[in-house]
Amino acid sequence: MSEILTFMGMEDQYKKYELFFGPNHPGMHGNFSYIITVEGHTIKKIDPDAGLLHRGFEKLVEQRLWMQNISLIPRICVPEPDINEAIYSIAVEKLMGVEVPERAQYIRTIILEMARIGAFLFGFGGIGGATGLYTASYWTFADRDYLLDLFEWLTGARIYHMFILPGGVRRDIPNGWLEKLSETVDYLQKRLYEYDRLIYNNPLIVKRLENLGPVTQEDAMKYGITGPNIRATGIKYDTRKAVPYAAYDKIDFEVPVQTAGDGLARAVQKREEFQVSLDIIKKAIQQMPEGSVRAKMPNPLKFRVPKGDVYVKLETAHGEHAYYIVSNGSDKPYRMAVRGGSFTAGLVYAQKALVGMRIEDVALWMATMDICPPDFDR
Amino acid sequence: MNYKKKSLLGPLSSLKYLFHDPITVRYPKEQKKTYPEHEGCSPQYRGQHTNDLEKCVGCGSCMDICPTGAIEMVEFNDVKDKPGATRKRPVIDYGRCCFCGFCVDVCTSSSLSMSREYIHTFITPLNADSRDAGDLISNDFVRRPDLSLTENPGWNTPDEWSWLSLDRMVMGVMEPKERKTSFVEMVRGYSKEEAVREAQRCVACGLCKEACPIHMDIPEYIDAIWKDDIEESVKQIYKTNPLPEVCGRVCTHKCETACSIGLRGDPLAIRWLKRYAVDSLPLEKYKSVLLNNAIKPVNKRVAVIGGGPAGLSAAFFLSLMGYKITIFEADEKVGGIMRYGIPAYRLPDSALDKDIDFIKSLGVEIKTNTRVGKEIEFNKIKSEYDAVILSTGFNLGRSTRIPGSQSKGVVQALDFLSDTRDFAAKKIKEVEITEKILVIGGGNVAFDCSRSAARLQMMKFGKVNVTQICLETLDIIPADKAEVDESAEEGVVLICGRGPKQVMIDENGKVKGLDHMKCNSVFDENMNFNPKFNEEDKAICEATMIIEAIGQAPDYSYISDDVKSKMKFERGKIVLDKNNETGAEKIYAAGDIVKGPDIVNAIADGLRSAIALDKKLNK
Amino acid sequence: MEQREIILKIKENFSKSEVKVFDEKQFSVFADKDDIVRILSFMQMIGFQQLAIISAVDWIDEKKFELVYNLFSYTHIQQVLVKTKIERDNPKIQSVMNLWEVAQMYERDVHEFFGIEFSGNDDMRPLILHNWKDKPPMRKDFDSLKYSNEIYGTFKKSEEV
Numbered sequence: 001m002s003e004i005l006t007f008m009g010m011e012d013q014y015k016k017y018e019l020f021f022g023p024n025h026p027g028m029h030g031n032f033s034y035i036i037t038v039e040g041h042t043i044k045k046i047d048p049d050a051g052l053l054h055r056g057f058e059k060l061v062e063q064r065l066w067m068q069n070i071s072l073i074p075r076i077c078v079p080e081p082d083i084n085e086a087i088y089s090i091a092v093e094k095l096m097g098v099e100v101p102e103r104a105q106y107i108r109t110i111i112l113e114m115a116r117i118g119a120f121l122f123g124f125g126g127i128g129g130a131t132g133l134y135t136a137s138y139w140t141f142a143d144r145d146y147l148l149d150l151f152e153w154l155t156g157a158r159i160y161h162m163f164i165l166p167g168g169v170r171r172d173i174p175n176g177w178l179e180k181l182s183e184t185v186d187y188l189q190k191r192l193y194e195y196d197r198l199i200y201n202n203p204l205i206v207k208r209l210e211n212l213g214p215v216t217q218e219d220a221m222k223y224g225i226t227g228p229n230i231r232a233t234g235i236k237y238d239t240r241k242a243v244p245y246a247a248y249d250k251i252d253f254e255v256p257v258q259t260a261g262d263g264l265a266r267a268v269q270k271r272e273e274f275q276v277s278l279d280i281i282k283k284a285i286q287q288m289p290e291g292s293v294r295a296k297m298p299n300p301l302k303f304r305v306p307k308g309d310v311y312v313k314l315e316t317a318h319g320e321h322a323y324y325i326v327s328n329g330s331d332k333p334y335r336m337a338v339r340g341g342s343f344t345a346g347l348v349y350a351q352k353a354l355v356g357m358r359i360e361d362v363a364l365w366m367a368t369m370d371i372c373p374p375d376f377d378r
Numbered sequence: 001m002n003y004k005k006k007s008l009l010g011p012l013s014s015l016k017y018l019f020h021d022p023i024t025v026r027y028p029k030e031q032k033k034t035y036p037e038h039e040g041c042s043p044q045y046r047g048q049h050t051n052d053l054e055k056c057v058g059c060g061s062c063m064d065i066c067p068t069g070a071i072e073m074v075e076f077n078d079v080k081d082k083p084g085a086t087r088k089r090p091v092i093d094y095g096r097c098c099f100c101g102f103c104v105d106v107c108t109s110s111s112l113s114m115s116r117e118y119i120h121t122f123i124t125p126l127n128a129d130s131r132d133a134g135d136l137i138s139n140d141f142v143r144r145p146d147l148s149l150t151e152n153p154g155w156n157t158p159d160e161w162s163w164l165s166l167d168r169m170v171m172g173v174m175e176p177k178e179r180k181t182s183f184v185e186m187v188r189g190y191s192k193e194e195a196v197r198e199a200q201r202c203v204a205c206g207l208c209k210e211a212c213p214i215h216m217d218i219p220e221y222i223d224a225i226w227k228d229d230i231e232e233s234v235k236q237i238y239k240t241n242p243l244p245e246v247c248g249r250v251c252t253h254k255c256e257t258a259c260s261i262g263l264r265g266d267p268l269a270i271r272w273l274k275r276y277a278v279d280s281l282p283l284e285k286y287k288s289v290l291l292n293n294a295i296k297p298v299n300k301r302v303a304v305i306g307g308g309p310a311g312l313s314a315a316f317f318l319s320l321m322g323y324k325i326t327i328f329e330a331d332e333k334v335g336g337i338m339r340y341g342i343p344a345y346r347l348p349d350s351a352l353d354k355d356i357d358f359i360k361s362l363g364v365e366i367k368t369n370t371r372v373g374k375e376i377e378f379n380k381i382k383s384e385y386d387a388v389i390l391s392t393g394f395n396l397g398r399s400t401r402i403p404g405s406q407s408k409g410v411v412q413a414l415d416f417l418s419d420t421r422d423f424a425a426k427k428i429k430e431v432e433i434t435e436k437i438l439v440i441g442g443g444n445v446a447f448d449c450s451r452s453a454a455r456l457q458m459m460k461f462g463k464v465n466v467t468q469i470c471l472e473t474l475d476i477i478p479a480d481k482a483e484v485d486e487s488a489e490e491g492v493v494l495i496c497g498r499g500p501k502q503v504m505i506d507e508n509g510k511v512k513g514l515d516h517m518k519c520n521s522v523f524d525e526n527m528n529f530n531p532k533f534n535e536e537d538k539a540i541c542e543a544t545m546i547i548e549a550i551g552q553a554p555d556y557s558y559i560s561d562d563v564k565s566k567m568k569f570e571r572g573k574i575v576l577d578k579n580n581e582t583g584a585e586k587i588y589a590a591g592d593i594v595k596g597p598d599i600v601n602a603i604a605d606g607l608r609s610a611i612a613l614d615k616k617l618n619k
Numbered sequence: 001m002e003q004r005e006i007i008l009k010i011k012e013n014f015s016k017s018e019v020k021v022f023d024e025k026q027f028s029v030f031a032d033k034d035d036i037v038r039i040l041s042f043m044q045m046i047g048f049q050q051l052a053i054i055s056a057v058d059w060i061d062e063k064k065f066e067l068v069y070n071l072f073s074y075t076h077i078q079q080v081l082v083k084t085k086i087e088r089d090n091p092k093i094q095s096v097m098n099l100w101e102v103a104q105m106y107e108r109d110v111h112e113f114f115g116i117e118f119s120g121n122d123d124m125r126p127l128i129l130h131n132w133k134d135k136p137p138m139r140k141d142f143d144s145l146k147y148s149n150e151i152y153g154t155f156k157k158s159e160e161v
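Chains as they are written, first to last, in the working numbering: chain A, 1 to 378; chain B, 1 to 619; chain C, 1 to 161.
To be clear, the hints were calculated from the coordinates, so they are not data collected in a lab.
Remember, it's a predicted structure, so these values are computed and weren't measured experimentally.
For glycine and all other residues, C-beta sits at the position ideal for the given N, C-alpha and C.
Be aware that one or more of the hints could be misleading.
[Stated by the list, open to error] Listed next, with one range per pair, are the computed distances between beta-carbon atoms:
1) Gln63/A - Glu160/B: 30 to 38 Å
2) Ile295/B - Ser148/C: 45 to 53 Å
3) Asn77/B - Asn31/A: 46 to 54 Å
4) Ser182/B - Pro174/A: 54 to 62 Å
5) Arg4/C - Leu291/B: 54 to 62 Å
6) Gln63/A - Asp81/B: 35 to 43 Å
7) Lys146/C - Gly134/B: 41 to 49 Å
8) Gly308/A - Ser191/B: 20 to 28 Å
9) Lys367/B - Gln63/A: 52 to 60 Å
10) Lys239/B - Arg4/C: 50 to 58 Å
11) Tyr152/C - Thr37/A: 18 to 26 Å
12) His41/A - Gly134/B: 46 to 54 Å
Just chain A, same shape as in the assembly (with noise of 0.2 Å):
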């Protein structure tokens, strides 16, 4: 392209330009842009600008009592919003010394993995959007729905469910529910092998897939790329299992990795670990033991923390999510800084890795990275 410019000698007005991908286009996840100077076809230069979908939760959170942050929390991120109450309660825990009851531990491992399904799901879809398969995307968006039916039953909402407190959850399972949750577990796993054979065997989103961004382990690490994305590339690392929360360390499951690093591998990585999901969720339903839900907590108007800091990471869809939480004794967090998934992969990875592919995959390696806008824009 370039050089028949050159032989024309309109290289100077016509090589290059910049395009706004995003935050109204319709590969662009939500409200963000990467604003990316083209020439021809390939890309040259990316320079990510968030801010679009900013509603300052670090601040808020400063200004609101311990247990009211549950209900404004969930919403930093949207397609999985529990592993944010689930964070923000270990912290909690950590800083309290509270002991939760292993019902509770179950039943947070059960909210965890559907919501980790529901986000699958998403990102399946969001696949098939971006190669023009919409066939995926209307078939997950509806089984996403029978999760979020459960959700409604359990909890008493479908998206933000506010469920997981300090201490354990809300409400114990209803009756019925775990029945219905095996029946839905079954049916996912019918569905899945229709995804595999409208997806992963489908020659066209292969080829578009394949060779697609690959990450090398070393660029992971560096760059924080974290989640399924990592263990894509072949490191065998799932914060579940190295640092084990809720009752992870009591369900025996196994991380599968891939080696190729590369948008297929990072697909079917999640396809994989979908599977680990409802093989989780059909354990934990096995082994749920009896008891109480809640450990005994203080008054939620009266509710202090001790002073402290603490770390805490969940393995979530999208990398690892985490929040670093500031207590200075009062009522009130002192400081709350939220890791999103997807920062540095949106932010920082995406000015290198972009550069030299074509403006049609932008949308599909979004895709398969798992580039959250909430992440960045907290």
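We have chain A; now place chains B and C onto it with these hints.
The following block gives chains B and C in isolation, referenced to the frame of chain A:
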């Protein structure tokens, strides 16, 4: 799973869903099949609120916890008044509400719950003036929840899931075996950690403040205890209560009856928290903590007759206003019923003295052993001082007036308790008791008598044989439940629903028992005291000593007749006019003689008469 | 390496630093601000590959900013919080973007919300707060209610109902 098995035809498998029913549910035409036996939303859906306005006490905890500030407490006129409740009810702005349901989980009265209804849309007022649009929309969105949505119940919070701490911090109390051998204070008091944990349960609703006769700033001082700021706490307490050590032990704690936490669980131990706060601050620090502003002296002198709770309270507040106070006390020490009535195991002298010493340190002059009418004439006081406050209390015992009640073995409660107190303070060697004691009465004083008698018997004979007989049945007994339980633990036998008929006297003129009969009802239709007896149902209770504790009476004999004639009396009590004056010039009255026996009411009365007096003198 | 060994190594090389153990997988190192680049490059050398987050805490009563560098090691499975305090009046510190490229964005973020200067990091264009003219918002003396009242008009709750 084999990803290598690629097939272009794979995606075509989706075609087999072509003739399947859609997953989407066309609600409400179709129903979801997820929730068994429930149509529509899930059984614990968090939708719009319902509030039982009758049950709600207006504590405002929902407003305090609301993370979005959507709830406001608004006073309503159509809400019925009831004791221990305000007329405020929550009004919810659904434009702000995030449906977290925290308000339901902290509701103290379990009146608030959520329904499965939800605002999906509202009618846009197209033809309305754009300036009014905000108001019109708020009609749809700002609501006072009531019971209109209860037929579709969703999220609700039984006690089990409540976020409130419903269990009281257990107070260390001496074992019955240990405590009945001495007059050492039986309630041990909270440690710092226990007090902070108990204070943490408070939701600062302020219902206690309304219930307390002196309207103490209870939420404020509990909050200070929670923040471990004892000085601030004592400061808040002394704003209204000059006898906190006493009140922290023997107050009738109307606050705890009103406590909103008590609707679901144990009410806060407000009384004991107060005791913890004042116990923790030594007397030497009181002045620096409490007296920040210099007192402006007023060149007026006020005499207080009777150094009981009302008199001391009036003296405290008047001296803070700058008056010069003189207290005339008939006994050896001030304190009145607090020193000579309440047994030492409930209120030790050290605690009482701490309160009184602080009042003394304000410059209050106390003339003990000065009985008005005997050592000094009433009219002399009246002429020498600018005003006189009567606070002589109910200091005479009341007799049952049954046959035989005048005989030697029958004693009055106040005399007995006063002797016991002197004995506990080691002022006298012995209180006259026998091996079989019978106490008549069902009030707190009666229990004080029977429990003191049990202790004395234990110390003298090594075993307890005290029987208590009262008119009321257990459900309407006027004494505190704790008294009933603790006296039983100490070995007092309580016989309820029986009235005394006559005292049995043996040939030597000594008491040998009480003839008692069944009491059918204590109150008449107008709830006035008017017991009905069944004389057929008789029984005899053996006893060699009988203590009458059926109430006390005032003594007005010291007041000069010209003053007395100007005052109004009703049922033995002085009636005050709307300015809290007695009618007689320069004479004010406070305490039991106005309000009937109760320490905290007496303190409130002391403050009230002090204000009335100040108003008049400072005109 | 065990946590104990790592701590011993840190103590050996940085005798002035204070170490506080939180649990068996997490500990914190408090270092002098002049040492921060050295200690972080040392940590990177002994196997802390990931810089998880850089965050700051505004200790307004002490007149200090605390910077927290959060590192993680995939080899030792250890989380370490490297902390340092700098003056609030003159908030300046050496950038660590030469050690981890991701630090560039975190430093830009901290600069934006706390107003801390990182010498060596030149790209400090606003990332999230476009057209921001007030003081950095995560500082404790920034009153968000006052700001919103000034920009969007006063909000009074009682008028609403």
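Status of the hints after comparison with the structure:
1. Evaluation of the 30 to 38 Å hint for Gln63/A and Glu160/B yields a pass: the beta carbon distance comes to about 32 Å.
2. A hinted range of 45 to 53 Å holds for the C-beta pair Ile295/B and Ser148/C, which are about 46 Å apart.
3. A hinted range of 46 to 54 Å holds for the C-beta pair Asn77/B and Asn31/A, which are about 48 Å apart.
4. Remark: the range hint 54 to 62 Å for Ser182/B to Pro174/A is upheld by a beta-carbon distance near 56 Å.
5. Taking the beta carbon of each, Arg4/C and Leu291/B are about 57 Å apart, inside 54 to 62 Å as hinted.
6. Our hint of 35 to 43 Å for Gln63/A and Asp81/B holds, since their Cβ atoms are close to 37 Å apart.
7. Between Lys146/C and Gly134/B the CB atoms are about 24 Å apart, so this pair departs from the stated range of 41 to 49 Å.
8. Under the hint 20 to 28 Å, the C-beta atoms of Gly308/A and Ser191/B, about 24 Å apart, fit the expected range.
9. Taken as a hint, the range 52 to 60 Å holds for the pair Lys367/B and Gln63/A, whose Cβ atoms sit roughly 58 Å apart.
10. Against the hinted window of 50 to 58 Å, the Cβ-Cβ separation of Lys239/B and Arg4/C comes to about 56 Å, which satisfies the hint.
11. For the hinted restraint 18 to 26 Å between Tyr152/C and Thr37/A, the CB-CB distance of approximately 36 Å leaves it violated.
12. A beta carbon spacing of about 51 Å between His41/A and Gly134/B agrees with the range 46 to 54 Å that was offered as a hint.
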